[in-house]
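Participant: These are the residues of each chain, in order.
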Amino acid sequence: MAESQPSFSVKSFYDFLGKKKLMGVKCSKCNKLFTPPRPMCPYCGSTKLSWVELKGDGKLATFTVVHVGPSELASETPYIVGVVELDEGPKVSCRITGIDPTKPDLIKLKSPMKADFIIKGEKAVLAFHPAS
Amino acid sequence: MKLDRGVAVVGAGMTKFGRHADLSSRELFVDAFWRALASVDRNFEKKMIQALFLGNFTSDLFEHQGHTAPIMTDWVGLCPAPATRVEGACASGGLAFRTGVMAIASGLYDVVCVGGYEKMTTLPTPAVTDALACASDFFYEAIPGATFPGLYAEMAVAHMKKYGTKWEMLAKISLKDHRNGSLNPLAQFNKSIEDIAKGKGFTDVMQFLTDPKSNPVVAWPLRLFDCSPISDGAAATILVAAERAKEFTDTPVYVIGTGQGSASIGLHDRQDFTTLPSAVEASKQAYKMAGVTPEDIQIAEVHDCFTIAEVIATEDLGFFQKGEGGKAAAEGRTAREGDKPINTSGGLKCKGHPVGASGVAQIYEQFEQLRGAAGGRQVPDVELTLTHNVGGSGSTAVVHIFSRTKP
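Sequences listed follow chains A and B, in order.
The first sequence begins at 359 in our numbering and counts up by one.
The second sequence begins at 129 in our numbering and counts up by one.
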C-alpha cells in the first residue's frame, strides 16, 4: 500500500469532505475508479491505489423524502436523501438539497446534480443539489 | 451444494409478538422455548438438545446486553451446551436456522435448538430508529441522513419509475397482511385494516390509508401502514437429523433446501435498486438443492419489512416476472385464496418484526401450515413451502425450502 497518501478509509473520505473535496480512488492495476474508498480494489483486489478528486457532477439515481428522521435530524424533517450516479461512474449516497420536499411527485430521476458540502463544525456531510 | 445428512423440524413455537412491557428478551426466549418443546409430539426431552443457535440483532443497543446466547442457554437450563449467537441484522433468525441445519448435516449433532429474540420496545422510537440504522451503511448512508425506511423507500421510488408500480398496489399488500394476521392469535395486530379504519370512523379503507393523520408518510412513498412495527418477541424450533425425525412425530417438516447470499451494504454500490442480489443468490442455491422450481412452491413467508420488500421478494424468488410483483399482489394472487399465498402469518407487517426472532417465526408459520395446524389461516394441502429472510437493505439473505416428504 502507498504510504505517502492518506489511508483509503472512512476518515480520509470525511476529512476531504470537510475541505469540500469529493474524492474517489483509482486502481492502477485495472484502471477502475471507485468511491467510497476501500483499501482493496473491489474490481481486481489490487492494493495499488491512489486518490483522485471527482468533478462533483452526476445524475439523480433515486431518492426519498424522510419524514421520520434520526434524533439528530428530527428538526430538519422533511428532508430529501438519495443516490447520485457520478459522471465518473460510481454512485454515492447523499443529502439532496435545493428541491421542495413537499412535492416528491415532481422529482425526476436522471436529473443533473452538482455536489455540495454541508459542514456543521467538525462534521461534513455530502450533499447534491440540482445542477441548473 | 448438498447436505450430507437430512434435517427435519419436529417442534416450533413463538411468543405473541407485540409490546411486552414487563418482559426482557430472556423471559421472551424462555416462553418461546417451552412452546417449542411442548409442540414436539412424543419422546422428546429438553436434555436431548446438544447445541443452541440463536438469532439476535442487537440486544446490545436495545437492552445494553451483549453475549446473549449463553444467557438464554442458562435460562433454559442447558449449560454447558454450546451456545452461539448469530447476527445478520433482520436475517439473524434465518441465519441461525441455517447454522443449525449445517451443524446437524455435518454430523456433529443430532438435535439442536434454533431460536431468535429481540426486545425493542423499551427504548423511545428515535433511539430505536438509531439502532436500526446499524443495519444500513452507517458511515455512507446514515450519516448523510438516510433512515432504514428511507432505504426501502429509495427502492420503491426506483421500482415505481422503472416498472410503473403504484403505491395503491403496496396498500393492497398491507390489507392482505392484516387479513391474514387477524387470523393469527400470535400476531402483534389482530384486526384487519378495514376494521381499524371503521373503528376510526372511516367507511372507505383507502380514504383511511391516504389520510395524513391516520397513515402518515414515514419516508416517501412509504407510509406507516407500509412499515413493519417495532416489536418484542421470540421464536424457537427443534431440529433433528432426518433419520431420527419419526421418533418424535409422524409429521416432521423436512428441510430440503437452504441457501444464503451477501451483497454490498450500501444501496449506492448496487447495480439495480429494484432487486436484492443476495436473495436471488440464496434462492438459486435453495431451489437447486431442493430440486424444485418457483412454480412448485405453494406458499412463502417473505421478508416484508416494508411492503415494497414483499414486491421485490416475490420477483427475486421467481414467483412473478420482474416488475410484476405489485400488479400480482393487487390482483389478489398473493392472498390466501390466490395462486401464490404470501405471508399467511400476516407477514412482518401485521405479525410484528422483533428483528432476531422474525426468521425463526417464518419457519414456525410453515411448520404449522405443513402440519395442517394453522387454524383459520390454513391453506389447503400444503406440501412445499419457502421462507425468505433478509438482513438490512439486502446485504444478507437466507432462503429455506420445506417439505412434508422426506427427500
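Be aware that a few hints might be false.
Stated by the list, open to error - Here are the simulated DSS-like pairs of lysine-lysine, each with C-alpha atoms no more than 27 Å apart in a straight line:
no. : chain 1 : residue 1 : chain 2 : residue 2
1   : A       : K461      : B       : K144
2   : A       : K466      : B       : K174
3   : A       : K417      : A       : K478
4   : A       : K384      : A       : K461
5   : B       : K289      : B       : K468
6   : B       : K328      : A       : K472
7   : B       : K319      : B       : K289
8   : A       : K472      : B       : K175
9   : B       : K328      : B       : K290
10  : B       : K468      : A       : K468
11  : A       : K377      : A       : K461
12  : B       : K175      : A       : K417
13  : B       : K175      : A       : K466
14  : A       : K417      : B       : K144
15  : A       : K461      : B       : K294
16  : B       : K144      : A       : K466
17  : A       : K417      : B       : K289
18  : B       : K468      : A       : K461
The hints are simulated quantities; they were obtained by calculation from the structure and are not laboratory data.
Participant: Would you mind marking each hint as holding or not holding in the structure?
Facilitator: Hint-by-hint comparison with the structure:
1. Only pairs whose Cα atoms come within 27 Å are accepted, and K461 (chain A) paired with K144 (chain B) is rejected, the gap being roughly 40 Å.
2. Proposed proximity of K466 (chain A) and K174 (chain B) is contradicted: the alpha carbons are some 59 Å apart, above 27 Å.
3. About 25 Å separates the Cα atoms of K417 (chain A) and K478 (chain A), which keeps this hinted pair within 27 Å; it holds.
4. Note on K384 (chain A) and K461 (chain A): the hinted pairing is violated, with a Cα-Cα distance of about 38 Å set against a maximum of 27 Å.
5. In summary, the hint linking K289 (chain B) to K468 (chain B) is supported, as the alpha carbons are separated by about 25 Å, within the 27 Å threshold.
6. Simply put, K328 (chain B) and K472 (chain A) have alpha-carbon atoms about 46 Å apart, too far for the 27 Å limit, and the pair is violated.
7. Straight-line distance between C-alpha atoms of K319 (chain B) and K289 (chain B) comes to about 33 Å, which puts the hinted pair past the 27 Å bound.
8. The hinted pair formed by K472 (chain A) and K175 (chain B) fails the criterion: a straight-line CA distance of about 64 Å is larger than 27 Å.
9. In summary, the hint linking K328 (chain B) to K290 (chain B) is not supported, as the alpha carbons are separated by about 36 Å, beyond the 27 Å threshold.
10. A distance of roughly 35 Å separates the Cα atoms of K468 (chain B) and K468 (chain A); the hinted pair therefore is violated under the 27 Å criterion.
11. As the CA atoms of K377 (chain A) and K461 (chain A) are separated by approximately 32 Å, the hinted pair breaks the 27 Å bound.
12. About 60 Å separates the Cα atoms of K175 (chain B) and K417 (chain A), which puts this hinted pair outside 27 Å; it is violated.
13. A threshold of 27 Å between alpha carbons decides the hint, and for K175 (chain B) with K466 (chain A) the separation of about 61 Å lies outside it, so the pair is violated.
14. A hinted pair counts as satisfied when its Cα atoms are at most 27 Å apart, and K417 (chain A) with K144 (chain B) does not qualify at roughly 46 Å.
15. Taking the CA atoms of K461 (chain A) and K294 (chain B), the gap is about 17 Å. The hint holds against a cut of 27 Å.
16. For the suggested pair K144 (chain B) and K466 (chain A), the alpha carbons sit about 43 Å apart, so the restraint of at most 27 Å is broken.
17. Between K417 (chain A) and K289 (chain B) the alpha-carbon distance is near 15 Å, which keeps this suggested pair within the 27 Å criterion.
18. For a cut-off of 27 Å, the pair hint linking K468 (chain B) to K461 (chain A) is broken: about 36 Å separates their Cα positions.
When held up to the earlier numbered hints, the structure conflicts with 1, 2, 4, 6, 7, 8, 9, 10, 11, 12, 13, 14, 16 and 18 and fits the remainder.
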